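Residue numbers (our numbering), protein chains in the order written: chain C, 1 to 157; chain Z, 1 to 275.
Since the hints were made in silico from the structure, they are not lab data.
A few of these clues could be false.
Stated by the list, open to error - Here are the simulated EDC-like cross-link-like pairs (lysine to aspartate or glutamate), alpha carbons at most 16 Å apart as the crow flies: (1) Z:Lys270 with Z:Glu259; (2) C:Lys51 with C:Glu120; (3) C:Lys51 with C:Asp147; (4) C:Lys141 with C:Glu47; (5) C:Lys152 with C:Asp66; (6) Z:Lys194 with Z:Asp151; (7) Z:Lys20 with C:Glu11; (8) C:Lys141 with C:Glu62; (9) Z:Lys138 with Z:Asp126; (10) Z:Lys20 with C:Glu18; (11) Z:Lys8 with C:Glu140; (12) Z:Lys146 with Z:Asp126; (13) C:Lys133 with C:Glu47; (14) Z:Lys49 with C:Glu116; (15) Z:Lys49 with C:Glu120.
Treat the numbers as computed from the prediction; the structure is a model and nothing was measured.
Residue-level listing of the chains:
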Amino acid sequence: MSYGLLTMAVETLLLCLEYVICLVIIVAALIGMAVFKRRTKKQMRAETVKKSCEKAKAAAEEMLDDGKNRSSYVLLAASKLAHLSSLVADAAWYAFQIVGAKKNILYEGIANSLDEVATELSNASEEGYISVKDYQACLEKTLQTLDAVMAKLDSMA
Amino acid sequence: MELWEQIKTALWEFFNGTGKAIAWALVILAVGLLLIAVVTKAVQKNTMKSRKIDNAAASFVTSVVSLVAYVGLMLVIIGTLGFSTESIITAFSSVMLAIALGLQNTLASLANGILLIFTKPFQAGDYVDIGGTSGTVKEIKLFSVKIVTPDNLTIVIPNNTVFGSTIINYSKMPLRRIDIVLPVSYDVDVAKLKELVNGLIAKDTRIAKDPAPFFRLTEYGESSLNFTLRAWTNTSIYWDVRFDLMEGILEALRENGVEIPFNQLDVHVKSNGEV
Numbered sequence: 001m002s003y004g005l006l007t008m009a010v011e012t013l014l015l016c017l018e019y020v021i022c023l024v025i026i027v028a029a030l031i032g033m034a035v036f037k038r039r040t041k042k043q044m045r046a047e048t049v050k051k052s053c054e055k056a057k058a059a060a061e062e063m064l065d066d067g068k069n070r071s072s073y074v075l076l077a078a079s080k081l082a083h084l085s086s087l088v089a090d091a092a093w094y095a096f097q098i099v100g101a102k103k104n105i106l107y108e109g110i111a112n113s114l115d116e117v118a119t120e121l122s123n124a125s126e127e128g129y130i131s132v133k134d135y136q137a138c139l140e141k142t143l144q145t146l147d148a149v150m151a152k153l154d155s156m157a
Numbered sequence: 001m002e003l004w005e006q007i008k009t010a011l012w013e014f015f016n017g018t019g020k021a022i023a024w025a026l027v028i029l030a031v032g033l034l035l036i037a038v039v040t041k042a043v044q045k046n047t048m049k050s051r052k053i054d055n056a057a058a059s060f061v062t063s064v065v066s067l068v069a070y071v072g073l074m075l076v077i078i079g080t081l082g083f084s085t086e087s088i089i090t091a092f093s094s095v096m097l098a099i100a101l102g103l104q105n106t107l108a109s110l111a112n113g114i115l116l117i118f119t120k121p122f123q124a125g126d127y128v129d130i131g132g133t134s135g136t137v138k139e140i141k142l143f144s145v146k147i148v149t150p151d152n153l154t155i156v157i158p159n160n161t162v163f164g165s166t167i168i169n170y171s172k173m174p175l176r177r178i179d180i181v182l183p184v185s186y187d188v189d190v191a192k193l194k195e196l197v198n199g200l201i202a203k204d205t206r207i208a209k210d211p212a213p214f215f216r217l218t219e220y221g222e223s224s225l226n227f228t229l230r231a232w233t234n235t236s237i238y239w240d241v242r243f244d245l246m247e248g249i250l251e252a253l254r255e256n257g258v259e260i261p262f263n264q265l266d267v268h269v270k271s272n273g274e275v
């Protein structure tokens with residue numbers, strides 16, 4: 001085999017390799033896109049909203065029990081409320097996803113009430129000081145809203 | 001044989017040049033679309049979840065990020081395919097300039113809308129006065145603000161007008177001061193009047209204790225002593241408290257025989273040149 005032919009064969013092999021790499025990347029990206037869309041679609045279900053509500057409810061109940069043992073103030077109340085606000089905002093986000101993508105207006109009320117509670121919790125978390133009474137009132141209101149939302153979701157199922 | 005050589009050379013050149021560029025452009029397109037989808041979703045989620053900016057601003061931020069990402073991707077793909085991106089950018093800039101000149105006012109409204117969404121001088125539900133137009137804010141959009149007046153008229157104000165006007169937000173502060181000027185006769189017993197009005201204020205639980213209410217003689221009028229009442233109440237119940245106070249004070253003054261002077265007009269009828 002001449003040197004020229006060998007060089008050509010190597011070059012062809014390298015070119016083929018480059019095309020294969022391109023193909024692999026394209027296929028991987030397409031698979032990634034399909035997985036991402038599937039995951040997003042999976043999140044647009046009532047169960048996802050309910051699961052996030054349950055998670056937020058469990059956190060709120062734990063915080064309420066913890067708060068009852070305090071007399072004047074709750075240590076790290078602000079950061080706890082911020083965390084709870086984030087959990088409720090997660091549930092609101094999933095509900096908004098359903099409203100936006102599926103044009104399902106039944107979820108609009110759910111999304112708005114969750115969003116409102118998340119905003120209230122966030123505002124409360126920005127206060128420098130929060131009394132036990134206000135802290136508990138805030139958590140009780142959150143629990144009431146979460147219960148109402150979960151009942152509504154059950155009735156819609 | 002020569003034709004075969006020519007075909008081979010052409011194929012080699014294609015696969016080693018344009019074909020490779022197309023393949024890499026496809027790679028960039030596929031990866032770019034995936035990245036844009038992931039990044040846009042992440043931005044949308046984080047901005048919507050953020051309590052600092054409202055949902056209108058969140059969707060605007062997401063749209064801008066998405067638009068910038070798509071334009072960037074398009075330019076990278078064009079560059080990979082071997083076309084000059086400079087000429088495209090120049091042409092794009094010229095088109096944008098023409099559009100900007102044509103839509104000057106609309107773009108000013110858009111820019112002010114963005115400022116309005118981020119600076120938040122008011123929010124939906126606030127009672128505001130924008131350049132003399134008062135009402136409750138119903139919607140804040142990118143180009144205009146919709147307010148509903150107390151007599152149920154819907155007014156749409158372009159955002160450039162909103163930012164060019166004086167904005168009074170009556171709902172921004174939790175407490176609002178009620179100012180009532182009370183004219184009473186010069187014969188009034190000042191101590192008794194103060195006791196009467198202060199008692200009335202003390203009884204009303206809707207009036208804030210801190211800042212403390214104020215009731216003092218503030219002016220010697222032409223035909224009355226003018227007392228000023230300043231009391232703080234919750235902004236949301238401002239008008240109810242104000243009207244109740246006005247009526248309550250009048251009733252209390254009448255019950256206690258305190259006279260409120262008012263302008264009187266004497267009419268003299270002339271008859272046969274004599275008064």
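Each hint tested on the structure:
Simply put, Z:Lys270 and Z:Glu259 have alpha-carbon atoms about 32 Å apart, too far for the 16 Å limit, and the pair is violated. Our distance criterion of 16 Å between C-alpha atoms is broken by C:Lys51 and C:Glu120, whose separation comes to about 21 Å. Restraint check for C:Lys51 and C:Asp147: the C-alpha separation of about 12 Å stays at or below 16 Å, so the hint holds. As the CA atoms of C:Lys141 and C:Glu47 are separated by approximately 22 Å, the hinted pair breaks the 16 Å bound.
As the CA atoms of C:Lys152 and C:Asp66 are separated by approximately 28 Å, the hinted pair breaks the 16 Å bound. Simply put, Z:Lys194 and Z:Asp151 have alpha-carbon atoms about 37 Å apart, too far for the 16 Å limit, and the pair is violated. Note on Z:Lys20 and C:Glu11: the hinted pairing holds, with a Cα-Cα distance of about 13 Å set against a maximum of 16 Å. With a C-alpha separation of about 14 Å, the suggested pairing of C:Lys141 with C:Glu62 holds against the 16 Å cut-off.
Only pairs whose Cα atoms come within 16 Å are accepted, and Z:Lys138 paired with Z:Asp126 is accepted, the gap being roughly 8 Å. Proposed proximity of Z:Lys20 and C:Glu18 is supported: the alpha carbons are some 8 Å apart, at most 16 Å. Distance restraint check for Z:Lys8 and C:Glu140: the Cα-Cα separation of roughly 78 Å exceeds the 16 Å cut-off, and the hinted pair is therefore not satisfied. A threshold of 16 Å between alpha carbons decides the hint, and for Z:Lys146 with Z:Asp126 the separation of about 12 Å falls inside it, so the pair holds.
For the hint linking C:Lys133 to C:Glu47, the alpha-carbon distance of about 33 Å lies beyond 16 Å, and the restraint is violated. Simply put, Z:Lys49 and C:Glu116 have alpha-carbon atoms about 11 Å apart, close enough for the 16 Å limit, and the pair holds. Between Z:Lys49 and C:Glu120 the CA atoms are separated by roughly 13 Å; this keeps the pair inside 16 Å, and the hint holds.
When the structure is compared with the earlier hints, violations turn up for hints 1, 2, 4, 5, 6, 11, 13 and for no others.
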